[in-house]
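> Just need the whole structure built from these sequences, with the hints factored in.
Chains as they are written, first to last, in this note's numbering: chain D, 1 to 602; chain P, 1 to 626.
Just so you know, these hints were derived from the structure itself, not from any lab.
One or more hints might be untrue.
[Stated by the list, open to error] Lysine-lysine pairs mimicking DSS-like chemistry, simulated, CA-CA at most 30 Å apart: (1) Lys181/D <-> Lys98/P; (2) Lys291/D <-> Lys238/P; (3) Lys244/P <-> Lys284/D; (4) Lys272/D <-> Lys291/D; (5) Lys238/P <-> Lys142/D.
[Stated by the list, open to error] Output of the computed footprint for chain P on chain D, the stretches with three or more beta carbons under 8 Å from beta carbons of chain P: (6) 179-190; (7) 250-262.
From the three backbone atoms N, C-alpha and C, an ideal C-beta is built for every residue, glycine too.
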Amino acid sequence: SISRLLYLLQQETSSTELRTECAVVLGSLAMGTENNVKSLLDCHIITALLQGLLSPDLKFIEACLRCLRTIFISPVTPEDLLYTDATVISHLMALLSRSRYTQEYICQIFSHCCKGPDHQTILFNHGAVQNIAHLLVSTSYKVQMQALKCFSVLAFENPQVSMTLVNVSVDGELLPQIFVKMLQRDKPIEMQLTSAKCLTSMCRAGAIRTDDSCIVLKTLPCLVRMCSKERLLEERVEGAETLAYLIETDVELQRTASITDHLIVMLADYFKYPSSVSAITDIKRLDHDLKHAHELRQAAFKLYASLGANDEDIRKKIIETENMMDRIVNGLSESSIKVRLAAVRCLHSLSRSVQQLRTSFQDHAVWKPLMKVLQNAPNEILVVASSTLCNLLLEFSPSKEPILESGAIELLCSLTQSENLALRVNGIWALMNMAFQAEQKIKSDILRGLSTEQLFQLLSDSDVNVLMKTLGLLRNLLSTRPHIDHIMSTHGKQIMQAVTLILEGEHNIEVKEQTLCILANIADGTTAKELIMTNDDILQKIKYYMSHSNAKLQLAAMFCISNLIWNEEEGSQERQDKLRDMGIVDILHKLSQSADPNLCDK
Amino acid sequence: MAEAGAGSPRGGDAAPLSPPQQHELSRRLRRLYPAVNQDETPLPRSWSPKDKYNYIGLSQGNLRVHYKGHGKNHKDAASVRATHPIPAACGIYYFEVKIVSKGRDGYMGIGLSAQGVNMNRLPGWDKHSYGYHGDDGHSFCSSGTGQPYGPTFTTGDVIGCCVNLINNTCFYTKNGHSLGDSISPYQGFTPPSFFLPSQSNLYPTVGLQTPGEIVDANFGQQPFVFDIEDYMREWRAKIQSTIKRFPIGDRLGEWQAMLQNMVSSYLVHHGYCSTATAFARVTDTTIQEEQTSIKNRQRIQKLVLAGRVGEAIEATQQLYPGLLEHNPNLLFMLKCRQFVEMVNGTDSEVRCFSARSPRSQDSYPGSPSLSPRHGSSNSHLHSTGADSPTCSNGVMSTKSKQSHSKYPTLSSSSSSSSSSSPSSVNYSESNSTDSTKSQQHSSTSNQETRCCAKAIPCWDQKGYTMNMGKELMGRRTQSGQWWGMKATCYFSTAFLLEDSCPQRQLCGGNHAATERMIQFGRELQMLSEQLCREYGKNTMHKKMLQDAFSLLAYSDPWNCPVGQQLDPIQREPVCAALNSAILESQNLPKQPPLMLALGQASECLRLMARVGLGSCSFARVDDYLH
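Written as structure tokens, this is what we have:
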């Protein structure tokens, strides 16, 4: 019957009344199950309906749009179908002026089919902003709402759209002002929430300052209200996620949110679904709760993560919230990836606190589930989890020991081989933290686990972060004299090679400084010194950096020399002679005249 | 006393707010708390110089508070209350305090307390006292131990306190951010919760405890940092949706039938005969009262409203014999009014003496009996009655449409009347359906006479009837109330208009008429004396008579202290009283149920305000009368 209806719909010769009826019936079919929509799609209904939009008859167009709308909002319909023909979008834009129904349906189609930056750009380039802006002040609530939704998806994580929106005005009023009006508390919740999302996107894109009153005094409080118990579960999820995004990078907003309406305590309620009451009294409610339980938890974790990103007091408040650490620990082992990810993020945010690392993190043995998460997790989780691990491996962290014992070295070494840049950075970073003031066994384990080839691989990594952390690792490995000598006796040759390579290469100051520091460490060794003293090339380089224009590099090079000529050591006289021959003394004289704290050296 | 306010030499007692600031304050308070009757329950505008502890100093118009005690320990704490308690009719009340200086230790408390609570304490420590303290950020609810509540506050912060008298909760704000309900959330949202006792009459209160602490209050003098109006909007919407969704337990259109009944009875009551008939037809309901009875009443009312009280009395006596005899008070009231109308020159007793052509004055198109003579008024009445069996729409000329003015309710003595020259107001009974005719006529009469004016009460606007009937049919149950109220306005509207008259003279300036008036006055005096003998003294009568006679004492009665009586609006209460009496005599309700319901609703809201139910502030009857 579908094909028959479609046939009639497409028949130019049939009367418009008939064709309209066909579109209406097809629309009703589309309202049914997902299977209905699938079979309609199989019959290429979209093409037929899009064709119908070319008709001059408004009633028919509206019927087609209504049906298209129903099909496009179904989860089984691929959004890309809208973008296959470029003329479709511009035709839809043109139809926006026809009636309030075309406005409503088209906006709804756009807001459902706009997924990701590509779609945003297409719609933006077709003048979506200008065409839809005036619909925000439409007298029809439905049109207003769909237009607003359009903007919320268009502006989401899209600086281009966001920057445009701030300057658009409708009836002499700028869009941000219109959005702020829609935030008013007597407006429908849906409207408040959606306009808060628009403003959030605009703020994150830098189009509105984070200290603008429309963010601080309007958007933020509105989003906090959305998290309250009075709101529907869906609204609470969206509210918390949007708020987490809004405050993610701004400590002032984090502080403000943390004191608004007891937000931190309010969020604890997100973990109470399904509540014990609902299980007994009402099956329907239980079902509803269960469906949203994961979403609620992950939203709460996300928001906690944002809240605690920078401020120590807020972190403390979060952790003091009832059963917070237990909840995070439980969250780490949840089946839902979304929840696990959010829980790790939250943990990561909280792990920035030295105090918490020493106390609650230890009390709750957070490292255990964290190590578990790190096994076979998808990359997005790994990135955050390994980043958290970095913090847990800091020298003062009591978790460091048990983590090492549970095979972290192997895990981290494997991370350094990842394709994913962030994982490589985190892996090597964690190793660096691990090696800091570590015992010899750990250092050897790291070196063995990493293998020299991998070490050199990392030293030639294209990413400067990886390089820096690798050098940092080397530097941490090469500390305390016995360690230096031990490592240099086994890997001396390769390390010297690598150092030479980096000093010769095109690198920024920080990298060179770090490398010179490594040399200084080597020079501190007893036997390792000789590796430098016998390497004229290196000595020349040190000499070069002593008269470098950058003070930091000069200082680092000075450390090398100072370590090499340290008086109390055996053979210091020969080394001093050799260096004098090279003319280093002259440079030292020159340096001692410059007003720098380098004077402390000989 | 250290004077912080440079501009206030008299310190605590001074009121240095400039008139514009005062005006601004009043304006803001009115806007925030429109439901508050400030004569009955004044709003807090400053701290009370009487209701404070010794260690408190006031300045800058009693808005700035500073500490002047030793501040050694908590025994040196000191508080001050505002001049007035927070009226319940506020619904939601808000004030802010700016911390000018945290002084030595910043032990400051901001909150509320009842009259009589010890002032040698910080707010919150005692029973009926609540406070948010700056040093620890705790909230104290009638207890010496606070509960963790919000952040601490210090110099430069603006702290607000919001009292919600609808759900009896309270929350504080800091720099424009709501800190959340002041129930201790750390104890799991269960008791001890901070519910204010209702009817508690709490005063805004601040307390200080160490030297150097200074705070400034803002009771509305300046815009608030926190968007309190937005918060109020939310509650207004909440309450209005509660009203809208109020379950009415409708059983098979009972509710609708009741509403229809209310409208119908209202129409009948005021004698909107054809509207009522049309309404009954559309809604398929029946009218209790007989058609003729309605029309009779309508006719009498018209006469009263036209200022032709004498004829009205006549007609009443004829149609409802014995009515006035049994109601001497009413009769006296009518007679008094008649006297006033004689002064006005509108009553037929004096109008007949008019030097001008009567035709020009009483414009009855097509009426054969032009003489407004007392004796012939009966036939005139009959003819009018016969003339309007269709009793259809009072047709208004385009001109009259432009200038008509509405009265929100029948009893209203609203000043919206456009009739500045009541003497010239003449009642033109445009019962003709032919609009052109009446229009033509009015234009001619305009030319003919120098003082001709028309008051056209719009009795029957068929258009309204039909629309409303349909609306009522269509609307099932919800918010039927609302439009019922709306109906009130449509139908109680009296349209008055007049062309201004350059000169107004006593009894229309006619000598004979004046004599007749004086004679009538004597009769009235006699009636009063007679009533006094029969029923004893009646101060009301005395006052009425005095007022009426006073008119004669002025050369221009229209511009004298008692001249208000001449305003045609004053006919309305008389008219209503007469109408009620007639209905009562027919065993019908003397007040239409609609007005009764309206009155009950208003009274209910007043009562709510008195017993401290804050929701009354967001459910104004006026909001539903459009």
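> Next, verify each hint and record whether it holds.
Okay, the hints, checked on the actual structure:
For the proposed pair lysine 181/D and lysine 98/P, the alpha carbon gap of about 28 Å is at most 30 Å, so the pair holds. Straight-line distance between C-alpha atoms of lysine 291/D and lysine 238/P comes to about 29 Å, which keeps the hinted pair within the 30 Å bound. With a CA separation close to 28 Å, the supplied pair lysine 244/P and lysine 284/D stays within the 30 Å bound. A hinted pair counts as satisfied when its Cα atoms are at most 30 Å apart, and lysine 272/D with lysine 291/D qualifies at roughly 13 Å.
Among the hinted pairs, lysine 238/P with lysine 142/D is consistent with the structure: their alpha-carbon atoms are about 21 Å apart, no more than 30 Å. Residues of the region 179-190 of chain D lying with their CB closer than 8 Å to a CB of chain P number 3, which satisfies the three-residue condition for coverage. Chain P is given as covering the region 250-262 of chain D, and this holds because 5 residues of the stretch bring a CB closer than 8 Å to a CB of that chain, at least three being needed.
Comparing the model with each earlier hint shows no violations; every hint is respected.
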